[in-house]
Structure formats: structure tokens, C-alpha cells
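Engineer: Work out the full structure: start from the sequences and follow the hints.
Listed in order, the protein sequences are those of chains A and B. Take the numbering used here: the final residue in the first sequence is number 165, and no numbers are missing along the way. Take the numbering used here: the final residue in the second sequence is number 165, and no numbers are missing along the way.
Note that these hints are calculated values from the structure, not bench results. Be careful, since some hints might not be right.
[As the list claims (entries may be wrong)] No farther apart than 27 Å at their CA atoms in a straight line, the calculated lysine-lysine pairs in the BS3-like style are these: (1) A:Lys-25 - A:Lys-114; (2) B:Lys-97 - A:Lys-25; (3) A:Lys-32 - B:Lys-114; (4) A:Lys-68 - A:Lys-32; (5) A:Lys-32 - A:Lys-97; (6) B:Lys-97 - B:Lys-25; (7) B:Lys-68 - B:Lys-32; (8) B:Lys-32 - B:Lys-114; (9) A:Lys-97 - B:Lys-97; (10) B:Lys-25 - B:Lys-68; (11) A:Lys-97 - B:Lys-25; (12) A:Lys-25 - A:Lys-68; (13) A:Lys-68 - A:Lys-97; (14) B:Lys-68 - B:Lys-97; (15) A:Lys-114 - B:Lys-32.
Keep in mind it's a predicted model, so treat the numbers as computed, not measured.
2 protein chains.
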Amino acid sequence: MSEGSTDQGAGLGSTTLAQVAIVVKDIDASAKRWADVLGMAVPNIITVAPGSEVEMTYRGAPSDAQAKLAFFSLGQVQLELIEPMGGQSTWQEALDKNGESVHHLAFWVEGMQKSVDFLAGHGVPMIQRGDMGANGQYAYFDAENPLGVVLELLERERETRAEPR
Amino acid sequence: MSEGSTDQGAGLGSTTLAQVAIVVKDIDASAKRWADVLGMAVPNIITVAPGSEVEMTYRGAPSDAQAKLAFFSLGQVQLELIEPMGGQSTWQEALDKNGESVHHLAFWVEGMQKSVDFLAGHGVPMIQRGDMGANGQYAYFDAENPLGVVLELLERERETRAEPR
Numbered sequence: 001m002s003e004g005s006t007d008q009g010a011g012l013g014s015t016t017l018a019q020v021a022i023v024v025k026d027i028d029a030s031a032k033r034w035a036d037v038l039g040m041a042v043p044n045i046i047t048v049a050p051g052s053e054v055e056m057t058y059r060g061a062p063s064d065a066q067a068k069l070a071f072f073s074l075g076q077v078q079l080e081l082i083e084p085m086g087g088q089s090t091w092q093e094a095l096d097k098n099g100e101s102v103h104h105l106a107f108w109v110e111g112m113q114k115s116v117d118f119l120a121g122h123g124v125p126m127i128q129r130g131d132m133g134a135n136g137q138y139a140y141f142d143a144e145n146p147l148g149v150v151l152e153l154l155e156r157e158r159e160t161r162a163e164p165r
Numbered sequence: 001m002s003e004g005s006t007d008q009g010a011g012l013g014s015t016t017l018a019q020v021a022i023v024v025k026d027i028d029a030s031a032k033r034w035a036d037v038l039g040m041a042v043p044n045i046i047t048v049a050p051g052s053e054v055e056m057t058y059r060g061a062p063s064d065a066q067a068k069l070a071f072f073s074l075g076q077v078q079l080e081l082i083e084p085m086g087g088q089s090t091w092q093e094a095l096d097k098n099g100e101s102v103h104h105l106a107f108w109v110e111g112m113q114k115s116v117d118f119l120a121g122h123g124v125p126m127i128q129r130g131d132m133g134a135n136g137q138y139a140y141f142d143a144e145n146p147l148g149v150v151l152e153l154l155e156r157e158r159e160t161r162a163e164p165r
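Structural biologist: Right under this line is the structure:
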């Protein structure tokens with residue numbers, strides 16, 4: 001086993017896991033249940049901006065989807081709960097297909113487009129993106145078939161908006 | 001958000017995530033794909049002892065199930081791949097039901113039985129256990145309904161063999 005590192009010469013751009021996310025039907029109820037089981041405080045529920053305000057695209061087309069989020073800090077990793085609020089998104093697709101279940105594993109990267117290109121070359125296409133805050137962005141990658149789970153990349157300071165290849 | 005801690009006065013016994021595990025059909029192929037995508041070396045594939053040698057129980061009955069495992073270190077958290085090798089287990093059940101997908105989130109605890117009792121009181125029953133190495137043990141908990149994922153607890157030095165409540 002090798003140690004994790006955020007600076008990889010090869011690969012998707014990081015080997016330090018940042019988030020594990022679960023799609024849920026009712027985030028208030030789920031956040032309460034997780035808080036009880038973990039022995040932690042119930043986190044704030046955040047409503048993200050609608051897709052039209054964050055240049056969101058889903059499978060190549062603009063989407064106005066929206067979601068509620070909650071985060072628990074489990075050491076280095078955040079446990080993220082996601083309640084889709086309608087619209088076309090990988091969140092809604094996963095909830096409809098699999099019910100409440102783990103949706104993605106997330107990693108922070110820099111220069112996201114080169115990670116997008118790398119993953120496309122490994123059969124892992126980008127399926128959703130959006131801006132995040134003033135300068136950041138996120139993107140999801142359909143890795144369910146080769147890897148058993150969706151991947152997410154997160155970038156604090158975007159150079160360019162990530163585009164599918 | 002509060003910081004993670006391994007010493008919790010309440011809760012399952014830890015808030016530091018230790019492992020994210022994915023059940024797979026062919027661990028050699030999956031480990032190679034993950035290694036390529038992460039830019040890491042292909043890890044060793046470990047075959048665990050059969051259930052009859054580790055006091056394994058599954059849903060209350062002895063089981064002789066067995067699995068192959070592989071681990072990637074992603075910082076604090078290990079990504080674990082699990083290929084069930086037949087026999088009655090939560091690994092096989094999950095692969096049959098959901099295909100290749102995230103199976104569990106794992107935490108290290110001490111004095112596992114009190115965590116078992118706590119989780120049972122929160123509607124999260126223990127469904128599988130086994131000894132691990134000379135002195136350790138693991139146990140799985142059916143949290144799919146309330147939490148969207150199976151939980152695992154790991155203990156390095158067992159006081160007693162964990163029993164369902």
C-alpha cells in the first residue's frame with residue numbers, strides 16, 4: 001500500500017479522498033438519523049443555487065437542477081448528504097435508480113480539465129458540472145461501470161470551465 | 001461542522017472514517033482499473049480465511065463464506081475492494097442485489113459490544129461478524145434502510161466476541 005498524496009504525476013489528480021456522498025429522499029430526516037448514530041450535532045442544511053445560475057450542464061445539456069446538502073466531518077473526509085430537488089441531475093438519476101445509497105467519492109484537484117481528459121481516456125466520461133462559489137467548480141464522472149461508483153472532482157480556483165471530452 | 005474524533009461520549013464509537021468498501025465481481029480487473037485511474041500501484045490481493053476458521057456468523061448462523069480483498073490508501077481512508085468467493089455473507093448479498101457498488105463505511109472502535117448495543121437501539125442491527133487476525137474482530141450492521149449504506153466496525157484487540165442484540 002502506498003501513502004495518499006495530493007500531487008500525482010499520473011492519475012485523476014489526487015489520491016486523498018475528500019468526500020463520500022449519499023443521495024437521500026428527505027435530508028432533514030437523514031441528517032437527524034446520521035447525527036444520532038455518529039453522536040454528532042445535526043449539521044446545517046444548505047440549498048445550492050439552481051443550475052441556471054451556476055452554468056450547470058448534465059449529459060451535455062444545460063440543467064436547472066438543484067439540491068439540498070449537509071456535511072459531517074469524519075476526520076479528513078466529509079460525509080455529504082444530498083437531497084435532489086428535481087431537474088435533470090446525476091443526483092436524481094441515482095436516487096430514482098438505486099434509492100438511498102452512496103452516490104460518489106470526491107477528490108480535490110487543480111487544473112481540472114487535464115483530469116477530465118485523463119478520465120475520458122480511461123473510459124470515465126464527465127456527466128455533470130457546475131460552478132461552485134465565486135471561483136470554484138465541481139464535475140461528476142460516470143464511473144459506475146468500470147469502478148462501481150460515480151467520481152467527483154472539486155476545484156477551488158478554476159482556470160477554465162471543465163468540458164466533457 | 002464539528003471535527004472528527006475517535007473518542008466519542010455518544011454515538012457508534014468513532015467519527016473518523018477508516019474505510020470505504022466496494023463489492024466487485026473480479027477483484028484483479030477492478031484493482032487494475034482503480035490503480036490506473038488513481039495513478040497508483042496495483043495492490044496485493046489478499047484472500048481472507050474461510051468463515052469456519054474465524055467464528056464467522058451471518059444473520060445469526062455460522063457461515064463459511066470467504067472473500068478476496070485489496071486496499072488503496074487514500075490519505076486517512078482506505079478504499080477497499082471486496083470480491084465475495086461464495087457462501088452466505090453481506091458481501092455476496094450486496095453484489096447479487098446491487099451489482100458492483102459501494103458496500104460499507106468502516107470505523108475503528110474499542111469495546112465493540114457497547115457500539116453493537118448502541119446501534120441496535122437505533123434500529124441498526126448487527127448482521128455479520130468474524131475474528132480478524134489473532135486478536136481483532138469486525139462486524140457489519142444493516143443500516144441500508146435508515147442510513148443508505150452498511151456500516152462496519154473494526155476492533156484491534158477484542159475483549160469479547162461481538163454478539164447481535
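Engineer: All hints are to be evaluated individually against the structure, with a verdict given for each.
Structural biologist: Verification of the supplied hints:
Among the hinted pairs, Lys-25 of chain A with Lys-114 of chain A is inconsistent with the structure: their alpha-carbon atoms are about 34 Å apart, more than 27 Å. A threshold of 27 Å between alpha carbons decides the hint, and for Lys-97 of chain B with Lys-25 of chain A the separation of about 20 Å falls inside it, so the pair holds. With a CA separation close to 21 Å, the supplied pair Lys-32 of chain A and Lys-114 of chain B stays within the 27 Å bound. Among the hinted pairs, Lys-68 of chain A with Lys-32 of chain A is consistent with the structure: their alpha-carbon atoms are about 14 Å apart, no more than 27 Å.
For the hint linking Lys-32 of chain A to Lys-97 of chain A, the alpha-carbon distance of about 24 Å falls within 27 Å, and the restraint holds. Annotation: proposed proximity of Lys-97 of chain B to Lys-25 of chain B holds, straight-line Cα distance about 13 Å (limit 27 Å). With a C-alpha separation of about 14 Å, the suggested pair Lys-68 of chain B and Lys-32 of chain B falls inside the 27 Å cut-off, and the hint holds. Between Lys-32 of chain B and Lys-114 of chain B the CA atoms are separated by roughly 39 Å; this puts the pair beyond 27 Å, and the hint is violated.
With a CA separation close to 13 Å, the supplied pair Lys-97 of chain A and Lys-97 of chain B stays within the 27 Å bound. For the given pair, Lys-25 of chain B sits about 10 Å from Lys-68 of chain B by alpha-carbon distance, which is consistent with the 27 Å threshold. Taken as a hint, the Lys-97 of chain A and Lys-25 of chain B pair is honoured in the structure, with Cα atoms around 20 Å apart against an allowance of 27 Å. For the given pair, Lys-25 of chain A sits about 10 Å from Lys-68 of chain A by alpha-carbon distance, which is consistent with the 27 Å threshold.
Of the pairs offered as hints, the one joining Lys-68 of chain A and Lys-97 of chain A holds, with about 19 Å between alpha carbons and a cut-off of 27 Å not exceeded. Taking the CA atoms of Lys-68 of chain B and Lys-97 of chain B, the gap is near 19 Å; set against the 27 Å cutoff, the hint holds. With a C-alpha separation of about 21 Å, the suggested pair Lys-114 of chain A and Lys-32 of chain B falls inside the 27 Å cut-off, and the hint holds.
In terms of the numbered hints stated before, the structure departs from hints 1, 8, listed from lowest to highest.
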